[in-house]
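Chemist: Here's the letter readout for the chains.
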Amino acid sequence: MLNPGAVKTLPRLNLAGLERQGSSLPLALFRMAFGLLMFISTVRFLAMGWVNEFYLVPQVHFTYFGFGWVKPLPAFGMYLVFALMLVSTLLITLGLYYRISIIGFFLLFSYLELLDKSFYLNHYYFVSLLSFLLIFLPPHKSLSLDACLGRTRAANTVPLWTHQIIKLQLALVYFFAGIAKLNPDWLFQAQPLRIWLRANTDLALIGGFFDFFWVALLMSWAGMLYDLCIPFLLFWRKTRPFAYLAVIAFHILTALVFPIGMFPWIMLVSTLIFFDERDVLRLTRVLPFLSPKQVRTYPSRAAARLPLISSILLGFFFMFQIGLCLRHFAYPGNVLWTEEGYRFSWRVMLAEKTGQVLFTLKNNDTGENWLVFPSEYLSPQQQKQMSFQADMILQFAHFLRDGFEKSTGDDISVFAEAYVSLNGRPSQLYLDPGQDLAKLSYDLAPRAWILPFFKSSY
Amino acid sequence: MKIRIPLFLCLLIVSLSHAQSGFDRHAMLENIALNVVLPCHERFVQAAIAFEEATERLASSANLAKLETAQAAWKTAGSSWAHCELFQFGGLEIMILHNQINKRPNLTQIANAINSDTELSSAFIESQGSSMKGLAAAELLLFSEQGNDAVLNQLQNERQRQFLLALAQNLSAKAQELVAYWSPTAQDYASKFAAADGADGSTKGSINMTMNQLISLLEQINREKLATPLGGTEAGGTARPETAEAYLSQSSSERIVANLEGAISLFTGANGLGIDDYLDSMDQGLLASQIIDQLDAAREALQDLGSLEDAVVNNPERVSQIFNVLKNALVLTSVDAANQLGITVTFNDADGD
Chain H
1 MLNPGAVKTL PRLNLAGLER QGSSLPLALF RMAFGLLMFI STVRFLAMGW
51 VNEFYLVPQV HFTYFGFGWV KPLPAFGMYL VFALMLVSTL LITLGLYYRI
101 SIIGFFLLFS YLELLDKSFY LNHYYFVSLL SFLLIFLPPH KSLSLDACLG
151 RTRAANTVPL WTHQIIKLQL ALVYFFAGIA KLNPDWLFQA QPLRIWLRAN
201 TDLALIGGFF DFFWVALLMS WAGMLYDLCI PFLLFWRKTR PFAYLAVIAF
251 HILTALVFPI GMFPWIMLVS TLIFFDERDV LRLTRVLPFL SPKQVRTYPS
301 RAAARLPLIS SILLGFFFMF QIGLCLRHFA YPGNVLWTEE GYRFSWRVML
351 AEKTGQVLFT LKNNDTGENW LVFPSEYLSP QQQKQMSFQA DMILQFAHFL
401 RDGFEKSTGD DISVFAEAYV SLNGRPSQLY LDPGQDLAKL SYDLAPRAWI
451 LPFFKSSY
Chain X
1 MKIRIPLFLC LLIVSLSHAQ SGFDRHAMLE NIALNVVLPC HERFVQAAIA
51 FEEATERLAS SANLAKLETA QAAWKTAGSS WAHCELFQFG GLEIMILHNQ
101 INKRPNLTQI ANAINSDTEL SSAFIESQGS SMKGLAAAEL LLFSEQGNDA
151 VLNQLQNERQ RQFLLALAQN LSAKAQELVA YWSPTAQDYA SKFAAADGAD
201 GSTKGSINMT MNQLISLLEQ INREKLATPL GGTEAGGTAR PETAEAYLSQ
251 SSSERIVANL EGAISLFTGA NGLGIDDYLD SMDQGLLASQ IIDQLDAARE
301 ALQDLGSLED AVVNNPERVS QIFNVLKNAL VLTSVDAANQ LGITVTFNDA
351 DGD
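Top to bottom, those sequences are chains H and X. When we follow this note's numbering, the leftmost residue of the first sequence carries the number 1, and every step to the right adds one. When we follow this note's numbering, the leftmost residue of the second sequence carries the number 1, and every step to the right adds one.
Extracted from the complex, chain H is given alone in its bound form (with noise of 0.2 Å):
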């Protein structure tokens, strides 16, 4: 409902609750959190040599749709943007300047993350989102230098949807990738996990376990009932403690089974964000250095309230974000097969995917044909994620047709012989090997060209 009074000065949208102060400090630990995570996760990606090997060694980059302008920087360049994100994620900690470095920080992750699709990974897309959020919010309000050193007005108490905000993306993230386990791969073949548990039965204590297909299929189901549900668990202050448990246990065992980087440790920090009033209260009594001297309330009560055009902007924000979960649905066929929509969509570790694709050339001007390899082109990553995702199969052909041309002069064709083999199944023809993909063009709409998915098994 709008409030009619505020509407000359400035909007604000006066939902019932949300002008609720809360304290400051979940939002202050989530924020050092959020710093120090990113910080480490930035050294390491240094100290694994990716800045090298992703961005500057390929030749070939596959950018988003809408974003072929994105292009990598020289070697200085990329090595100065990844010393940025390192400071701005130091001051994220601290809280210092803290305003700029969480939109400088959003800006450079997300130039990283638009540079090659090859690379791309859910909760890089999470961790995307996060610090645009953390933009609009106040989480430098405590436990901060800006709050130290005056340089912004220190406050024990911020509004309450600034809390509620990270906890709606979280439930989203989850709900979503639980919806997205409801097929019948995940329920009842317990794919991939069978895959992935078969290949770690030397895991210490329950490696001995992930041989038997009722351990899969019970995995499968947890899994899927655990992101269904622990949104809601942990929202509901009765279930969560053990739901928060629940969290450690899940995530750790990822951890331990699949290679997938930072993922549990941002998701074990994020989800600290559900502790509320009451047990931050608990936290003071442990930690005496925590509680507040005198209270100060941030902002005032009124200007609490969310302005309209933050909350259109919010709206939106989230609206897209389903949106884009959904389209898979304008989409004729399987979505794990096609990818039409995957990307964006927390389907997270749904697919045991693996390809390989021949492209074969052909210049119609002297009717010379030949084949090319992509690993003459590809990075070992790059390869991998292209041999069984369709639009990246375009744009390489693109790449190679557009090469040719310029060093020819002539027109060239290209084609793609793909093989594609998911979740156990026998590897199939993925595209139409007579279709011309130099002749089509690089859009969203569904791609004919892919050939329909049999469902069929060794």
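The set of hints was computed from the structure by calculation and includes no laboratory data. One or more hints might be untrue.
Stated by the list, open to error - Pairwise CB distance ranges (calculated):
1) X:Arg104 <-> H:Arg327: 45 to 55 Å
2) H:Leu205 <-> X:Gln88: 30 to 40 Å
3) X:Gly237 <-> H:Gly403: 11 to 21 Å
4) X:Ala111 <-> H:Gly403: 56 to 66 Å
5) H:Leu187 <-> X:Arg104: 45 to 55 Å
6) X:Glu317 <-> H:Gly409: 28 to 38 Å
7) X:Ser127 <-> H:Phe213: 29 to 39 Å
Quick reminder that beta carbons are idealized off the backbone N, C-alpha and C, glycines included.
Assemble the complex: chain H is given as a structure, and chain X must be docked to it using the hints.
Modeler: Same frame as chain H, but now just chain X:
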């Protein structure tokens, strides 16, 4: 949630009282290390020593009989090496060692060394880069497009013979280094491999490496050893036999046959447990036998082919057929088997999902 805690406790308790079930991957890796990889390298050492001895006789004085003996010994060493070529497991030092044994040579550098005053010894070769070492460098001195008279003529130059001997001595030393690297009585990489102390500290590490090497070899054979000499990777498509792996010695097909024998022995574990048994334990026996059939079919076809260098010019359809058989083997390995085994077909450990 109420279900989860008892569930985990239950899993924990039963697992503690339960030995590891199913396929014994450790035993498979141990078998591959001790009964496939190590014997292969030991045979390569024997072949390298035989080549060194033949070269010693040639170095004292060159004649046709000695040259032919040395050439035959070189071919045997080349095939023995090709058999082991895909066992490039371990760190950077093994990659360097493999390069030192067989990498495309630099003819100019070799000619410069021969024409200089430097003492030509195994130590000199050791101090040089990979492009002046190994089997491929020796091929340049032992074979010629103009025939053996031309080679003998070249070998009248004593420094040419000295260089050849130094190459053979260095090759034999490198072969022995490889055996020492794997041998349980020396550096014992075999144990590390079996314990999979390779990529990620689990048995998946060595299985990942094994499958990736197999996939990499099959792609290399198709791309570099077959498609390129066929002229299939360039517009125009004219055969380029000179790009075949062992063009001067006309022994490229023997090399690929040995490559495939190595691949088959790795996949089947020779007479013990191999990847095929592992797949079989997952009810994927059919897939395993399809892979073996394709590899075998390609190997037999190459054995019947004779000279690859001739065939790419005079019988390109037959070479294309072999290419297609190996392409099927590559799909079955890198797509179907990799999917079943849940391995990462990539050479880095970038995070997933």
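Chemist: Provide an ascending list of the numbers of those earlier hints which the structure does not satisfy.
Modeler: Violated hints (numbers, rising): 4 and 7; every other hint is consistent with the structure.
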